[in-house]
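Chemist: Chains as they are written, first to last, in my numbering: chain A, 295 to 443; chain B, 17 to 495.
Don't read these hints as lab results, they were simulated from the structure. Built from N, CA and C at the ideal position, the CB exists for glycine as well. Treat each hint with caution, since some may be false.
[What the hints assert, rightly or not] Result set (EDC-like, lysine to aspartate or glutamate): computed pairs, CA atoms no more than 20 Å apart in a straight line:
| hint | chain 1 | residue 1 | chain 2 | residue 2 |
| --- | --- | --- | --- | --- |
| 1 | B | K35 | B | E98 |
| 2 | B | K207 | A | D381 |
| 3 | B | K269 | A | D369 |
| 4 | B | K265 | A | E364 |
[To be verified] Coverage of chain B stretches by chain A, computed from C-beta distances (three or more under 8 Å per stretch; other residues unrestricted):
| hint | segment |
| --- | --- |
| 5 | 145-154 |
| 6 | 213-224 |
| 7 | 259-270 |
| 8 | 417-431 |
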Amino acid sequence: MMGKQPATSPRRRPYRQLPHTADLAWRLWGASIPELFENAGRALSATLTDRRYLRRRATREVSLTSVDREALLVDWLNHLLYLFDVDGFLGRDFQVVSLTGERLEARVTGESFDPARHPSLTAVKAATFHQLSIVAVKDGWEATVVLDL
Amino acid sequence: MIKLRQIDAYRWEIPREGKMRTRGLIFSSKEMLPAIQEDQSLQQVANVATLPGIVGPSLAMPDIHWGYGFAIGGVAAFDLAEGVVSPGGVGYDINCGVRLLRTRLSREQVAPLMTTLVDALFTNIPSGVGSRRQDFKLTGAAFKKVLKDGCRWAVGEGFGEASDLAHIEAGGAIAGADPEAVSDFALNRGKDQLGTLGSGNHFVEVGYVQEIYDAALAAQLGLFQDQVTAIVHTGSRGLGHQVCEDYIKVMLKASAKYGIELPDRQLCCAPITSPEGQRYLAAMAGAANFAFANRQLITHWVRESFEKVLEIGPRVLGMELVYDVCHNIAKIETHTVEGKPRKLCVHRKGATRAFPPHHPEVPEAYRETGQPVLIPGDMGRYSFVLVGTEKALAETFGSTCHGAGRLMSRHQAKKVARGRSIIQELAAKGIVVRGAGRGTIDEEISEAYKDVSGVVDVVHGAGIARKVARLKPLGVIKG
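Starting from the given sequences, assemble the full structure and let the hints guide the process.
Modeler: Structure (structure tokens):
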């Protein structure tokens, strides 16, 4: 995989933490906006547990509408937290099926969290609108999302 | 950088300018101020001052830190007729709060059994990422009763004593809750989370009275030197988070509908008198009552754990509720403003109510002392018991601080903790800790928090609460 990337443009990290004292801020990246949303899902699962231990056992179809793209990103993350609270479901793979400014269709594959097999990392209460942004960068799209812990 | 004017040793003012409708008032010592100025919390205090119908200053307690929209440690009161209510002014964890239990036991009786006791608490109270109860699921009618009646429901079901209710803010049930205002999404999230601790900074802590600052007040609160105590710190879990989320969406639209100019989207709000505002308050009260019931159920299992491990009955244990306070809430209260009583909606986000002696909302048992105020510190240091004062009622709508406040991000804390065994370090200090994840314990190391004594000294010095006693942890379960 890495060998296919040109030496001058190393593969960007899909998500990284920004310093934030009380909560957790993610800087997310995607070559396209759908990829940015997929990476947001991965970042959330990686916050709660070690994503590598999640098996592809079940699929959830997600369909959301919001006022705009930024609000849709917050709603997407909060819906994933909802799925987690309801029956412990955590996504390993995230696939955006369609995405417009106000509507998201996505498919999430993963399994229910099992404290015996999945490390318990950081619990998240919600994704917030605080400092929320989605901006175009030269190699794709970048978003900032602050999570309330 | 936000302009600040020093008023006295503990008070700092953000003068009114630009779109601010009132001034900002910050309670802090000179020493604590640089840390407060590092983030954008003072800007947030100024932003809140721009909201319609704000009464008195936009207030900040010494444990203020950067939140989302409203700063954490902020207090803002709004006129019922002209003001607004904002879910961001309450926070995602609606009625996150603290309750303190006292016992008849002394430290020497309990300390040798601490490991067993902490294990029992850990087994009986689900905690950590995704914690849920297998034995206890809420459905239909019972769920609605929880949202309407809070602790009254819990006590009716046999979780605790009727006398507990007299020692809880608002009697353990905020009036006006409407289960119909709470979405099915929120109910689904909460259905098996009642009686669970959750994660983050939530905990159950067994400790003892290490120092008494005011012997008369301590005696009236039933506290004595070396007495074993327990603290429960948790909130409304996923149900409350979902209520906040649902109504932030409602309020984003409502702010535009009612022409409210927002300096930050997360401050979205609606007039208190509007259908959106009323519906949020009804849903918020439901989530708050869920949180009260949550702490009541956990209390029941704390009592059971003590009785089982120590092999004693409830009478010998004498585990009674000292008090239970909310620190993320909006309350409809009557306050005297410029000599006249006015009904206000007081938002306390990371702030604790601190009503004085003889206030009608203070329970009978504390009429002479003032309302007990519980300020938890970090798991390695200490927590404080204070009481409310007349000065708090006059100056801060009867509010004071709520905790220590973080100094380091979770990421930094984990880095500092790397290669160390925090559990062993705490054990060396005589504190037994069990957590669901190693991550949480590392994130919650003492160094990651401000020393809560600094925060408490400011509110005591400023007169917006009075110190009664300091509690030292012996055993902690963390989420």
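Chemist: Check whether three or more residues of the segment 417-431 of chain B sit with their beta carbon closer than 8 Å to a beta carbon of chain A.
Modeler: Check passed, 8 qualifying residues.
Chemist: Are at least 3 residues of the segment 145-154 of chain B within less than 8 Å of chain A when you compare beta carbons?
Modeler: Three-residue rule met by the segment 145-154 of chain B, so holds; n is 3.
Chemist: K269 (chain B) and D369 (chain A): Cα distance at most 20 Å?
Modeler: Distance of about 15 Å is within 20 Å: holds.
Chemist: Would the pair K35 (chain B) and E98 (chain B) pass a check requiring their Cα atoms to be no farther apart than 20 Å?
Modeler: Answer holds: K35 (chain B) to E98 (chain B) is near 17 Å, not above 20 Å.
Chemist: Quick check: do three or more residues in the segment 259-270 of chain B have a beta carbon closer than 8 Å to a beta carbon of chain A?
Modeler: holds (count 6)
Chemist: Three residues minimum, CB to CB under 8 Å: does the segment 213-224 of chain B make the cut for coverage by chain A? Let me know.
Modeler: holds (count 3)
Chemist: Is the straight-line distance between the alpha-carbon of K265 (chain B) and that of E364 (chain A) 20 Å or less?
Modeler: 12 Å, holds
Chemist: Holds or violated: K207 (chain B) and D381 (chain A), Cα atoms, limit 20 Å.
Modeler: 10 Å, holds
Of the numbered hints given earlier, the model fails none.
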